[in-house]
Every structure is written in structure tokens, then in C-alpha cells.
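**Q** The numbers in the numbering used here rise by one with no breaks, and the one at position 220 of the sequence shown is 220.
No lab work stands behind these hints: they were computed from the structure.
Each hint should be verified, as a subset may be incorrect.
Result set (SDA-like, lysine to any residue): computed pairs, CA atoms no more than 20 Å apart in a straight line [said to hold, decoys possible]:
(1) K222 x A88
(2) K222 x C190
(3) K222 x S122
(4) K141 x G176
(5) K222 x V152
(6) K141 x R195
(7) K222 x C175
(8) K222 x G155
(9) K100 x G119
Distance windows between CB atoms, simulated [as the list claims (entries may be wrong)]:
(10) G119 x V231: 34 to 44 Å
(11) R104 x S229: 16 to 26 Å
(12) E87 x T183: 47 to 57 Å
(13) Y99 x G155: 33 to 43 Å
(14) S122 x D203: 33 to 43 Å
(15) V231 x Q89: 36 to 46 Å
(16) A84 x R201: 31 to 41 Å
(17) V231 x Q110: 31 to 41 Å
The structure presented is a predicted model; accordingly, all values stated were derived computationally and were not measured.
Built from N, CA and C at the ideal position, the CB exists for glycine as well.
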Amino acid sequence: MAAILQLQPVGQGLLPGAVRTRKQSLPATASHVWSTERASPLKRIALFSQTNLTVPLCASFGCILSARRRKQPTARGAMESDLADLEAQLRLAVEAEDYKEAARLRDLLQMQSFDAETGVLSANNEFYAAFRAGSAERMSKIWLPSPRSCCVHPGRPPVNGYEDVAMSWERILTCGGLDIECTRPLVAMCGSVGRIVCYERVDGQITLLAVNLFEQTEDGWKMSFHQASPVVPTM
């Protein structure tokens, strides 16, 4: 039964169209306004980081999970504890051949997994909505306020830590949001961490591949990692 809760692409086909978004922008320092006003979307993202905001990258799914297990907020710990209890109860029900109770527990586990996926998709939708709207305030609220937050903009070194990540978005969105759309999102859950792999279309032309990680907190699902890079579309 434990395999049900591991990294499976259970979100494929879930809530079609739920992650299409609108514009967004963030207030910014004026240091690169002159160069970003006429820049293409990808160049604009690349130009933001002419400052030393980089720290060694620790961005893999497993690495973040390992760091999180050292100290977890109450909401995440409660969720993982509840799921573990349900799994244990399900095993006992199967061993006791109480299949009616086993079916009830199975359905409850699936419902909780669906609720988590819905929460992650909603947070992912808000990220792209904030990007399109160009709101620094909304973008800052999406990110996990933690030193382990990490963002890798296209063609740039990783930016680590909540403050520097927020500053990087502030610089990118200084001239307003971008016409960006998230398509074909695939969701994978592992306890209180959700991963979305999706495509990004910028100005209806540029195609990027993005990986977004979200962690459950007492304030809802927060983004802890984002990486976007160009990809050649399949024919």
C-alpha cells in the first residue's frame, strides 16, 4: 500500500485546464529597467541577475526531502502522520480479512491524496497567475520563507534563499508581467511535498520546461523550488 503514496504521476489528466493562468508583475529596483524594457522574455529573465545572488544548488527532489525531514512544521508532520496511520490501519484490516473496512480506508487514503494534489495544482496556478499579473507582493507570498527555497531562471545560476529569490522576481517583473501559460502539468506527491512538471509558453511562442516543487505548511502549499529551461518541442 505504501507504493500508492510514492512518486507516481497521479495528477496526469487531473483537472484539465486548471493551471492556465493570467499576467503578473513585481515591484523592482531600477538598476536594469533600461535594459529590460525592450528585451525579449528570455533575455529579460536572464538580465535580471547581474548581482551576486548565487549559492551552491541543492535542488533535487530527494535532497529537499532529506532537508525537510530534519525539522518539519506541524501541518506537514500531521499530514504525514495521518497518512501513515491510515496505511497501518489498512494493513491491519487486510490481515484481519475485514475487506469492508479495508475498502473504506483505501477510499479515505485516495481522497486525501486527491485533496493534496488539488492544493498543489492551486498553488501552481497562483504562481503563474502572479507571474502574468506582475505582482511582487503575490509572488513573495507564493514562495516558502526558508533558506532552502531555490529558483533557477533560464540560462542563469541558481538563486538560493527566500530573500534572494524574491529579489530576483522583483527584478524580472520590474516592467510588468509576461504572457505566460502553464500547460500539460503532471503532479507527483511524496508525503507533504508535491512536484509539478509542466511546459511554459511565453508570448505564445517560446516553450520552456519547468519543474516546480511545493511544500505543505500551516499557511497552505508554498513553492520551494522552480526551474525553467528551453526545450525543443516534439513534432
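**Q** For the pair we were handed, K222 and G155, check the Cα-Cα distance against 20 Å.
**A** violated, 24 Å
**Q** So if I understand the rule, the pair passes when the alpha-carbon distance is 20 Å or less; does K222 with C190 pass?
**A** holds, 15 Å
**Q** Between K141 and G176, does the CA-CA distance stay at or below 20 Å?
**A** Between K141 and G176 the Cα gap is close to 17 Å, so the pair holds against 20 Å.
**Q** Given the proposed pairing of K141 with R195, does the C-alpha separation stay at or below 20 Å?
**A** Holds - the C-alpha atoms of R195 and K141 are around 19 Å apart, at most 20 Å.
**Q** Do the beta carbons of S122 and D203 sit within 33 to 43 Å of each other?
**A** violated, 25 Å
**Q** Lying within 36 to 46 Å: is that true of the beta-carbon distance V231 to Q89?
**A** holds, 43 Å
**Q** For the pair we were handed, K222 and S122, check the Cα-Cα distance against 20 Å.
**A** Given that 20 Å is the threshold and the Cα spacing comes to 10 Å, the pair holds.
**Q** For K100 and G119, compute the direct alpha-carbon distance and say whether it is at most 20 Å.
**A** violated, 29 Å
**Q** For the pair supplied as a hint, K222 and V152, is the alpha-carbon distance within the 20 Å limit?
**A** Judged against 20 Å, a Cα distance of about 16 Å means the pair holds.
**Q** Measuring from beta carbon to beta carbon, are Y99 and G155 in 33 to 43 Å?
**A** violated, 55 Å
**Q** Evaluate the given range 47 to 57 Å for the C-beta pair formed by E87 and T183.
**A** violated, 34 Å
**Q** Is the gap between the beta carbons of V231 and Q110 within 31 to 41 Å?
**A** Given range 31 to 41 Å: holds, Cβ gap about 32 Å.
Consistency note: the structure conflicts with the earlier hints numbered 1, 7, 8, 9, 10, 11, 12, 13, 14.
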